[in-house]
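Protein sequence lines, in the order shown, are assigned to chains D and G.
So for the first sequence, our numbering puts the first residue at 1; every next one is plus one.
So for the second sequence, our numbering puts the first residue at 1001; every next one is plus one.
Just so you know, not all the hints are guaranteed correct.
[As the list claims (entries may be wrong)] 20 Å max Cα-Cα, derived EDC-like pairs, lysine to aspartate or glutamate:
{"hint": "1", "chain 1": "G", "residue 1": "LYS1009", "chain 2": "D", "residue 2": "GLU40"}
{"hint": "2", "chain 1": "D", "residue 1": "LYS140", "chain 2": "G", "residue 2": "GLU1093"}
{"hint": "3", "chain 1": "G", "residue 1": "LYS1059", "chain 2": "D", "residue 2": "GLU147"}
{"hint": "4", "chain 1": "D", "residue 1": "LYS116", "chain 2": "G", "residue 2": "GLU1078"}
{"hint": "5", "chain 1": "D", "residue 1": "LYS360", "chain 2": "D", "residue 2": "GLU147"}
{"hint": "6", "chain 1": "D", "residue 1": "LYS260", "chain 2": "D", "residue 2": "ASP227"}
{"hint": "7", "chain 1": "D", "residue 1": "LYS360", "chain 2": "D", "residue 2": "GLU271"}
{"hint": "8", "chain 1": "G", "residue 1": "LYS1071", "chain 2": "D", "residue 2": "ASP123"}
{"hint": "9", "chain 1": "G", "residue 1": "LYS1059", "chain 2": "D", "residue 2": "ASP249"}
{"hint": "10", "chain 1": "G", "residue 1": "LYS1057", "chain 2": "D", "residue 2": "ASP249"}
{"hint": "11", "chain 1": "G", "residue 1": "LYS1071", "chain 2": "D", "residue 2": "GLU147"}
{"hint": "12", "chain 1": "G", "residue 1": "LYS1059", "chain 2": "G", "residue 2": "ASP1029"}
{"hint": "13", "chain 1": "G", "residue 1": "LYS1111", "chain 2": "D", "residue 2": "GLU147"}
{"hint": "14", "chain 1": "D", "residue 1": "LYS63", "chain 2": "D", "residue 2": "GLU40"}
{"hint": "15", "chain 1": "D", "residue 1": "LYS35", "chain 2": "D", "residue 2": "ASP221"}
{"hint": "16", "chain 1": "D", "residue 1": "LYS140", "chain 2": "G", "residue 2": "GLU1014"}
{"hint": "17", "chain 1": "G", "residue 1": "LYS1028", "chain 2": "D", "residue 2": "GLU297"}
{"hint": "18", "chain 1": "G", "residue 1": "LYS1057", "chain 2": "G", "residue 2": "GLU1127"}
{"hint": "19", "chain 1": "D", "residue 1": "LYS307", "chain 2": "D", "residue 2": "GLU271"}
{"hint": "20", "chain 1": "D", "residue 1": "LYS140", "chain 2": "D", "residue 2": "ASP257"}
{"hint": "21", "chain 1": "D", "residue 1": "LYS93", "chain 2": "D", "residue 2": "GLU271"}
[To be verified] For each label pair, taking beta carbons as the anchor points, the in silico distance ranges come out as:
{"hint": "22", "chain 1": "G", "residue 1": "LYS1059", "chain 2": "D", "residue 2": "LYS35", "range": "55 to 61 Å"}
{"hint": "23", "chain 1": "G", "residue 1": "ASP1129", "chain 2": "D", "residue 2": "GLU18", "range": "40 to 46 Å"}
{"hint": "24", "chain 1": "G", "residue 1": "ARG1053", "chain 2": "D", "residue 2": "LYS307", "range": "30 to 36 Å"}
{"hint": "25", "chain 1": "G", "residue 1": "ARG1053", "chain 2": "D", "residue 2": "GLU109", "range": "37 to 43 Å"}
{"hint": "26", "chain 1": "G", "residue 1": "LEU1015", "chain 2": "D", "residue 2": "TRP250", "range": "42 to 48 Å"}
{"hint": "27", "chain 1": "D", "residue 1": "GLY111", "chain 2": "G", "residue 2": "LYS1111", "range": "42 to 48 Å"}
[Unchecked claim] Listed below are several chain G residues computed to face chain D (Cβ distance under 10 Å; list not exhaustive):
{"hint": "28", "residue": "ILE1012"}
{"hint": "29", "residue": "LEU1015"}
{"hint": "30", "residue": "THR1016"}
{"hint": "31", "residue": "PRO1020"}
{"hint": "32", "residue": "VAL1034"}
{"hint": "33", "residue": "GLY1055"}
{"hint": "34", "residue": "THR1056"}
{"hint": "35", "residue": "LYS1057"}
{"hint": "36", "residue": "LEU1133"}
{"hint": "37", "residue": "CYS1141"}
These are computed hints drawn from the structure, not numbers from a lab.
Note that CB positions come from ideal geometry on N, CA and C, so glycine has one too.
Chain by chain, the residues:
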Amino acid sequence: MTRIAIVGIGIHPFGRTEGVSGQDQGSYAVRAACKDAGVEWGDIEFAYGGSMAAGAADTMVSKLGLTGLQFINVANGCATGGSALLSAYSTIKSGAYDLGIAIGFDKHERGAFRVKTASTGRDWYGGTGLALTTQFFGMKINRYMSEYGISQRTLARVSAKAFRNAELNENAWRRKPLSEEEILHSAMLSYPLTQYMFCSPGEGGVALILARADQAHKYTDKPIFLDAAVVKSRRFGSFEVLAPSLALDWSAGPTVDTSKKAFELAGIGPEDVDVAQLQDTESGAEIMHMAENGFCEHGEQEFMLEKGETEIGGRLPVNTDGGCLANGEPVGASGLRQVYEIVHQLRGDAGTRQVPNNPKVGYTHVYGSPGISGVNILSR
Amino acid sequence: MALTQLSIKDTILELTDDGPRLIGMRCKDCDNHVFPYQEGCNRCTGTNVEKIRLGTKGKLWAWTVQGFPPKAPPYLGEASPEKFQPYGVGYVEIDGQLKVEARLTESDPEKLQVGMPMELTTVVLCEEDDRDLVTYAFEPCA
């Protein structure tokens, strides 16, 4: 079976870049990835790319060069980047091509996502004052905290870790460390979550070049293998963002399904993972996703955070680049940023935020609207 | 004098003489319920469904408080930062039917608790054509 390797990575710094379109941030990342792999844009045989709010990816060929490559736009909610990566992975696996690129970028307006739920007539859902993704996250963690004994202090610990890690990441947006007290006492946005417990929609771009593993050494001395790439939608009975009603039945959300499938494909378990990037739309999400991805039991997070087990030097470092909390969430690029960080960690060139003891296996996880999850497992 | 009320969308929220009612879907094959009404069952995948008025009483299943003004549009209520008042948001479990996401009339975290009984009511969003435009909400009840 063909293995797939990531042989080149590029990023445009996350945050706010006035005067540079989302698409140009994507092109910037493409050029950086080509340079990293030592290839020209003309060598790339195919591309998958997407954004949520910054236009079609494929029109960037007018600036990168009109080489006639196969370029397919991807739009899949919060799993847009993950879907581009999965598509590139599958294309090489199929034997159709040997060298391709996955691209994600975005540029959102300030403030919480403006969700339009009606194509015709009155938008009753948003009009009512529902349809805010922040409400879902507040409700889910609020319930989870009382069910499993997670304290608000633990929420603050997650955010404090994110900003601390981001201080070490030149591509992150919010790089100023904040104390747990400052986080706890910032504005209450959606109880029990405060301002500094939420990530913000932002801007950025990431590109990843993939090749057949048996050709990877043509491009890099340190290929990172993509052992699993999985995207799944929700099943009946799960508790999801932007749902005017839920069933009485209960089933685990798409994260649990996606994670299980990814571990099955990679032939390893959560105990084998050395470093993980987990969706942290807000600090409670990181906590719940630790358990949903199989890294701990529900409720153990309280103790793990207190002991610093998810710090860069801890037992399972989580969101070493500052995660969404410190990088913001340009939806199209966000999932690929996680992979970008894991590639650095597994290559061993993550600088001052390098996870010690030569990590061998990395994990990335996205969750988002409309009840979708994407997981990637990488190794060296 | 109170203005007459106008539903935010009458296919979702009916204002009857006996109070507000939400219109949902019931699957005649598997008894699954969905709000709002849709023409297919997301449990059994069938299409043998009917439109029904959902129950008006339930128990709070999950909650938060909307602490900042939502963007307008789409929000139709008071969105200016100076005048905005936080409001509760939750899922209310209606026995034997489903969990409905709705605004709550209570916004004090000290007074909200999972499992507390709730009843359907309406809240005013704004004035439209000399009428009060209302949407559905749940309020704590005995």
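Tested hints:
no.	hint	in the structure
1	LYS1009(G) / GLU40(D)	violated, 55 Å
2	LYS140(D) / GLU1093(G)	holds, 15 Å
3	LYS1059(G) / GLU147(D)	holds, 17 Å
4	LYS116(D) / GLU1078(G)	holds, 18 Å
5	LYS360(D) / GLU147(D)	violated, 35 Å
6	LYS260(D) / ASP227(D)	holds, 14 Å
7	LYS360(D) / GLU271(D)	holds, 12 Å
8	LYS1071(G) / ASP123(D)	holds, 13 Å
9	LYS1059(G) / ASP249(D)	holds, 15 Å
10	LYS1057(G) / ASP249(D)	holds, 19 Å
11	LYS1071(G) / GLU147(D)	violated, 32 Å
12	LYS1059(G) / ASP1029(G)	violated, 26 Å
13	LYS1111(G) / GLU147(D)	holds, 18 Å
14	LYS63(D) / GLU40(D)	holds, 14 Å
15	LYS35(D) / ASP221(D)	holds, 14 Å
16	LYS140(D) / GLU1014(G)	violated, 29 Å
17	LYS1028(G) / GLU297(D)	violated, 39 Å
18	LYS1057(G) / GLU1127(G)	violated, 27 Å
19	LYS307(D) / GLU271(D)	holds, 18 Å
20	LYS140(D) / ASP257(D)	holds, 18 Å
21	LYS93(D) / GLU271(D)	violated, 27 Å
22	LYS1059(G) / LYS35(D): 55 to 61 Å	holds, 59 Å
23	ASP1129(G) / GLU18(D): 40 to 46 Å	holds, 42 Å
24	ARG1053(G) / LYS307(D): 30 to 36 Å	violated, 52 Å
25	ARG1053(G) / GLU109(D): 37 to 43 Å	holds, 39 Å
26	LEU1015(G) / TRP250(D): 42 to 48 Å	violated, 33 Å
27	GLY111(D) / LYS1111(G): 42 to 48 Å	violated, 28 Å
28	ILE1012	holds, 6 Å
29	LEU1015	violated, 14 Å
30	THR1016	violated, 18 Å
31	PRO1020	violated, 13 Å
32	VAL1034	holds, 6 Å
33	GLY1055	violated, 12 Å
34	THR1056	violated, 15 Å
35	LYS1057	violated, 15 Å
36	LEU1133	holds, 9 Å
37	CYS1141	violated, 20 Å
Hints 1, 5, 11, 12, 16, 17, 18, 21, 24, 26, 27, 29, 30, 31, 33, 34, 35 and 37 from the list above are not met by this structure, while the remaining hints are.
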